[in-house]
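Residue numbers (the UniProt record's numbering), protein chains in the order written: chain A, 1 to 745; chain B, 1 to 285.
Be aware that one or more of the hints could be misleading.
[What the hints assert, rightly or not] Straight-line alpha carbon distances no greater than 27 Å define the calculated BS3-like cross-link-like pairs of lysine-lysine that follow:
1) B:K44 - A:K209
2) B:K247 - B:K262
3) B:K59 - A:K209
4) A:K222 - B:K59
Calculated from the structure, these hints are not laboratory results.
For clarity, every value in this text was computed on a predicted model and none was experimentally measured.
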Amino acid sequence: SEKMQRRQSSKTPKQPLQIHHKNQTDLSAWRKGGRIDPEKSVQNHQSPTNQKSDSKQASLEQALSYFEKVQDHVSLKKNNVLQKHLTTVESIALQRGLPPEGFGVLLNVALSGKLADTVNTRLLKSLVPASVIPETSVVSSVSWLCVSKCSGNIQLLFLRWLITVFDFIDHKEQLHALYGFFFSFLQDEKMCPYVCHLLYLLTRKESVKPFRIRRLLDLQAKMGMQSHLQALLSLYKLFCPELVTITLPGKMKTYFKNSEGPWKAAINTVRRRNQENSPVFQPLFLGAAQPQSRKRKWNTQLIIPASSTNKNNLEEDREKNRVDLYSTNESFPVEQLQTFSQLLQNIHHLEFPSQMGSVLTNPLLLHYMNCTKDESIYLRLYYWMGQTLQEECTWCVADNNQYEEEFKDFLETVYKTECFLQEGFSSCEEFLYKSLPLWDGFCCRSQILRLVSWIPLSSFSEMKSHLYDPLAQLFFTSSLYFKCSVLESLKELLQNWLNWHVIHLDSESDSQVHSLNTTLSGLVNVVAELIHFVGWISTVALRLENNPTFLLYFILDFYETVCDMYLRYNLPLLIMPPAGVFYPALLSMDSVSLNQLCYIMYRYRTNLVAAKENELSKTKTLQFKFSSQTYQEYNQYIIAMVGCLWTSSAFQKDIHPQGLRMDDELLKKTTVQEFKTSFNIVYHPAMMGYAVLFLQQAWPDDTTFNFSLIKGKKWNWYLEYLYAQGLKGLKVFIESSINRVSQAS
Amino acid sequence: DPQRTAFLLRKQWTLYSVTPLYRFSDARLRDYARLLSAFIAAEKQKGLAVEVGVELDIKVSVSSLPDLKGSDQDQAAILVQLSSRSAASSKNSEEKLIWSGWFCCVSGDDLSENVPEDFTCLPLFLANGGESYTSIVGSWFQKTFDCCFRRLAISPLNLSWMAAMWTGCKVDKTASAMELVFSVPCLPQPLNISYAIHPEDAKALWDTVQKTPGEITQEEVDVFMDCLYSHFHRHFKIHLSATKLVKVSTAIASAHCDGIIKFLQSQYLTGVLMLLTELAISQIQ
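Let the sequences and hints guide you as you build the complete structure.
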């Protein structure tokens, strides 16, 4: 016992006093922390709950000071005081967690062997942190571990506790200094799995030494394949691939036995109660091995590689370090990158994984990719993606069709990545150009059409032969739904191009006026080509399908983007829809289409007016002007629309060559009575339903449906009624394009 | 020096195309051999860790073959050889070569001119030995240099080019017959037709077809093949144009549409490799 005393005294010459002080001050601080709001504390001063918590804190303080001074070999059964204090610690720990100062005291007692193992176990089990665990308390516990005053079971329990609460320890520098001590515990067969886990959490690159690797390999030779050794060795491989290597079998899922023990649930409860953002448990990052099917030959299976460190550079790094010993140009292993804040902290020494393809499934790396301008990363991705798409394409490669689901998932992933980066991949573009002529329009349809929407904008247009021709063939021969999907993806393609253009306008300043002008004219041509293509296929599709509203909706949706290009995207280009689209929409039986058309024409007007004003106001001659043909076309359409919706004069006044103009003689032959009034907001087939409802409301007793009653003041009421029905497009159109001077009075 | 590439002859090589290797360095071939050998050991005993640098059952050597180049821009070819050491016998016992593979680029300027410095263009890979080793070595290269391996098949069109080109080559010794193998499609059982031609007859035919020596056009190749087809039809009433050309064997080399090649003449080795490099590049781009 003399020996023991000496050891104790050497271990704690100054510490007890210090701890004592700390305990007192910090405990009171912790108590105050419970009621930060002074007003609230005054209000609640007399409340029973507060008194209760005050008394709890007092009893915890008593318990801690009891455990600090407790004598050797106090029996639990006979000692009521010990029982009382133990219960206090347990109940407070489970309810609200222990304050940082509690850990030093309780760990010292539990590991010193003063008390019986049942007490020690209960104490260890109650070590649930309320906030953090001071590193010093852990360090002194490790020294208790080294003198092995406690039983093997307590040692194991302590290690399991340490693993579970590892992330709650406030600092880890001193713990890292103890790496060698922990490593020596590997000899103990029972402790080995837990020590491996702990080392796994502690290991840094500088911890990996050849002698340690040899020691682990010796253990491996002695104990055979053990998952905990594999995990630690594979971490060593990650840091030093030039020293050791290992291939993990694909089947393995867990590398460490469940060491969470009784604490995890309590920690979660406490965290939920305290509602703090305490550190999250880091998942183990050994996901490298993937199951491989035996059926297919090598390298003919679609596998997106896992993120792993670029081993290729490690040796070069070592050489660099030799030159500059004090630099910390260690790169951060991508396997450890789990959170966005890690990304921010390590962005200066992060390296892309050894296989670029792995970024597709790693959003953090995609963020990182977004901030780098390195050409080589795109080239690596380009090669990998290009080869994978070609190799896996289910309709270009024979016998691949059984893997359609896999390929679909892959295309889906590629598409999501493009959306994330807001940028199309050129490998994907090339793949589409190569494979679309062979595509049946069915296989992976939605994936392919989505990828089409991310075809990058290039000033040099190869679109016609590569995209439009094969797409048109499929478009005309496929179902209505396919047609709508194609229109939808072409609309997104247009929007993506326009967005790209806007971003480049912002980023490229006036310094590059010349190159901008040349690219701008290229851009205008490519965009115009797309819009003309859509106009053409829409015209044909409306005729083939007999003008269904559903199709018209998708077509007009496309033109909602087109009509606003000048103002919303700053592109000096406006193209009117062809007559084959305009007239079916104008004469549609459906108010939805008509309303949409009204809105589009209103936006065309706004854009054209703005362009005209710019033209007039600027002294400089503008590079781009809308041709007079655009204005002329717009005016022709407007005359037809006003005639159709307002003045009932469409047959007389429409001057568009493909328009509605008809001779009175011809109209008389139709034997329609009052053909002159048969097109306005009352009689238009898309509007007549509203007119009927309006009549029913305005003249409930009249059953003759006398539409001619809607005039004068009633006409205005009817308009208000229509606006109230949600026809906002009609409203903005009428308010902007129809001169209502006569009505105003 | 034909001696130094003689070991490449008369072996069946399976062809692969390889995208440019990222951060590959000629100066570190020894390191690569050490790492690859540990990787192979780890792959073969999945789950057991292997120390890098210790002597293992399979020895790996990575070396450079500077002779296999078309132009100065070409990267020197890289040879990877795996040999096994039998544990029982003594250290001096012979190592047995169990697998070999090589990367090369002969006149691959189309590719190498367009990639940044960090990349090494060795677009053609040829492997001889068990596919399990090809898979391990290939995976290691893919992981280490972020490249992509793909089997390189040879289309019937390219096979007919080879037939024409190789017919025109001069060979010193009395050459073996030229053989074309055709496969008849859409049959329940596979049916192959072998068409053997005396090399001098074939050469005579080709000489009448080729207009400018040293230059070959698609039209000439078509005419050459059509002549062979009509000759065959005259005798056997079979239209070979309706079948698929699957294999071409000449004294220069033999090539199978599955992407398998055998070199027979060292003087034409780089010539054949140039064509294969071109095919590999077109598969990459």
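A quick look at each hint next to the structure:
For the proposed pair K44 (chain B) and K209 (chain A), the alpha carbon gap of about 25 Å is at most 27 Å, so the pair holds. In summary, the hint linking K247 (chain B) to K262 (chain B) is supported, as the alpha carbons are separated by about 11 Å, within the 27 Å threshold. Taken as a hint, the K59 (chain B) and K209 (chain A) pair is honoured in the structure, with Cα atoms around 25 Å apart against an allowance of 27 Å. About 25 Å separates the Cα atoms of K222 (chain A) and K59 (chain B), which keeps this hinted pair within 27 Å; it holds.
This entry satisfies every hint, going by the numbered hints stated previously.
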